[in-house]
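Participant: Letter by letter, the chains look like this.
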Amino acid sequence: GAGVSQSPSNKVTEKGKDVELRCDPISGHTALYWYRQSLGQGLEFLIYFQGNSAPDKSGLPSDRFSAERTGGSVSTLTIQRTQQEDSAVYLCASSINRGGQPQHFGDGTRLSIL
Amino acid sequence: AQRVTQPEKLLSVFKGAPVELKCNYSYSGSPELFWYVQYSRQRLQLLLRHISRESIKGFTADLNKGETSFHLKKPFAQEEDSAMYYCALSGGNTDKLIFGTGTRLQVFP
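Chains as they are written, first to last, in our numbering: chain A, 1 to 114; chain B, 1 to 109.
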């Protein structure tokens with residue numbers, strides 16, 4: 001596709017359930033990033049992929065959060081045993097490679113935990 | 001510590017007035033600085049980056065290493081400039097972006 005695609009666009013789930021968020025980056029972009037945008041916290045980095053490897057997971061807030069990337073393309077962010085504080089917009093971005101290239105963002109997934 | 005500070009949550013001006021959105025940063029090395037913009041119901045998109053030294057939609061930003069600032073300026077604001085503006089820096093081994101908390105610009109007719 002022409003841009004970064006994320007699904008679902010909205011997700012409402014009950015506290016304690018697991019959720020999976022998907023990101024399809026721009027074709028050919030080797031770098032992929034997940035960010036979280038929550039009220040009062042701004043935009044926070046979660047994890048960075050280069051290809052299928054994740055050399056920087058420093059932003060993941062707890063061990064309930066994990067992510068993987070397969071085929072150097074699609075990435076999935078999984079949140080286990082969701083808590084209300086997980087409610088946020090989760091944004092994915094990709095860039096053609098490292099080296100200060102601009103990141104292109106998706107529309108995000110708005111996650112609401114009841 | 002790496003940090004980006006945008007001191008203004010909201011900036012309101014009238015059409016045709018000059019605009020300056022402030023951004024200060026803290027970083028131990030040589031970062032890349034960016035301005036991202038999010039228009040209503042649109043995705044976050046890059047507005048400009050300091051290494052390009054270009055003007056986009058009439059906006060410019062100059063990196064001042066002495067003052068560790070990267071303020072965004074436009075001499076004559078337009079109504080269509082109304083949006084949320086985020087200053088961000090990247091650096092190190094991953095180029096992850098560190099964002100400020102954003103400034104909402106409102107341009108009144």
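No wet-lab data here; the hints were simulated from the structure.
One should not assume that every hint holds.
[Said to hold, decoys possible] Partial list, computed: chain B residues near chain A (C-beta under 7 Å):
1) 39
2) 41
3) 43
4) 47
5) 94
Remember, it's a predicted structure, so these values are computed and weren't measured experimentally.
Using N, Cα and C, we set each Cβ at its ideal position, and we do this for glycine too.
Participant: Take the hints in turn and mark each one as holding or not.
Facilitator: Evaluated hints:
1. 39: Nearest chain A Cβ about 12 Å off; hint violated.
2. 41: Because about 9 Å separates residue 41 of chain B from the closest Cβ in chain A, which is outside the 7 Å limit, the hint is violated.
3. 43: Holds - the Cβ of residue 43 of chain B comes within 7 Å of chain A, reaching about 5 Å at its closest.
4. 47: violated, 10 Å
5. 94: Holds - the Cβ of residue 94 of chain B comes within 7 Å of chain A, reaching about 4 Å at its closest.
Checked against the numbered hints listed earlier, the structure breaks hints 1, 2, 4; every other hint is satisfied.
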